[in-house]
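In case you want the letters, here they are:
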Amino acid sequence: MTYFISGGAKNGKSTLAQDLAVALAGGGKHYYVATMISTGSEDDDRIRRHIADRDSMGFETVECFRNIMDCLKIADSGGVFLVDSVTALIQNSLFPVEKNYEMDLPAANRCADELVEFAHTVRHAVFVSDYIYSDAEAFSESTEMYRKCLADIDRRLAKVCDTVIEVSAGQFIIHKGDLRI
Amino acid sequence: MILIIGGAYQGKLTFAKETLGITDGDVYTCDTGEIDFSKRCIYKIEEFTARHDDPIGYFESHREDWQDSILILQDIFCGVVPMGAENRAWRQKTGRLAQYLSKEAQQVSRIFCGLEQRLK
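Protein chains in written order, with numbering that gives the first Met the number 0: chain A, 0 to 180; chain B, 0 to 119.
None of these hints come from the bench; they were simulated from the model. Just to be clear, a hint being listed does not mean it is correct.
To be verified - Here are the simulated EDC-like pairs of lysine to aspartate or glutamate, each with C-alpha atoms no more than 20 Å apart in a straight line:
(1) K38(B) with D25(B)
(2) K102(B) with D53(B)
(3) K158(A) with E17(B)
(4) K43(B) with D151(A)
(5) K147(A) with D129(A)
(6) K102(B) with D64(B)
(7) K16(B) with D151(A)
(8) K43(B) with D25(B)
(9) K175(A) with D129(A)
(10) K147(A) with E115(B)
(11) K16(B) with E63(B)
(12) K175(A) with D53(B)
(13) K119(B) with E103(B)
(14) K16(B) with E59(B)
(15) K102(B) with E63(B)
(16) K43(B) with E143(A)
(17) K43(B) with D67(B)
(18) K38(B) with D67(B)
(19) K158(A) with E115(B)
(20) K147(A) with E46(B)
(21) K98(A) with D129(A)
(22) K43(B) with E136(A)
(23) K72(A) with E116(A)
(24) K175(A) with E115(B)
(25) K43(B) with E140(A)
(26) K16(B) with E33(B)
(27) K28(A) with D54(A)
(28) K43(B) with D53(B)
Isolated chain A (complex conformation) (with noise of 0.2 Å):
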């Protein structure tokens, strides 16, 4: 099975992506696909604190900043995989920090069909991204592209996952599928 969560920030889209992952598994692999790039000491804390909280719950963690294909050289297919975030794996590739942050589409390109590989490949996935689509602003060009990067591969991941949630206020609105694991 294959999910795909979005929705605002802070309402409950991770929680959820978590139980599902959980649940999923039925006491067997599943894997946190840990895809924050670190900036500094303030970020390994945290990290770490995510890493704690996550073996409470059986997770393994698996790190992977851009190419999702790569976690499979590692992790085994038929396991239940939490990718938390889309949003990250996009930002990495298109924004790269050893590029000085330099605008790399391609890159973000290949990003998002590994992303749709992924999904068709492993046994189950829970797809965690950020709907950031209804500000009433003008961006700059790289944020319109960022934007833009990320719609697409939301869309097609909510083209091919079985199940599309949107949570809203810890509300769970159901655009595709249903929730039943």
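Fit chain B to the supplied structure of chain A, relying on the hints for placement.
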């Protein structure tokens, strides 16, 4: 009238094309403070509201022109309140117009990641 709303890049126009039989020739894309209602589908109404002081008044005065139209509006009113007064006004005008059009519509569809959520 059918109202289609949703965020940027969510597939609103694609939805109109795939499910309502709209072709490129049927689409008027707003980029001024006027709308050409002779086209069946009016797209990017938020670009019109950015350039008109009284969008609801404008739609009321052209009421007979859009009764059978497909109207597409980006929900720019859901996000952060903008710092600039002009964008704040744009956000409010657009939100109020969305309410007005939604009341008038036979069907309201919200598009989320390419999927339709029927609101009315």
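(request) Enumerate the violated hints, using their earlier numbering and listing them in ascending order. (result) Numbers 11, 12, 14, 21, 26 - these are the hints that the structure violates, sorted from lowest upward.
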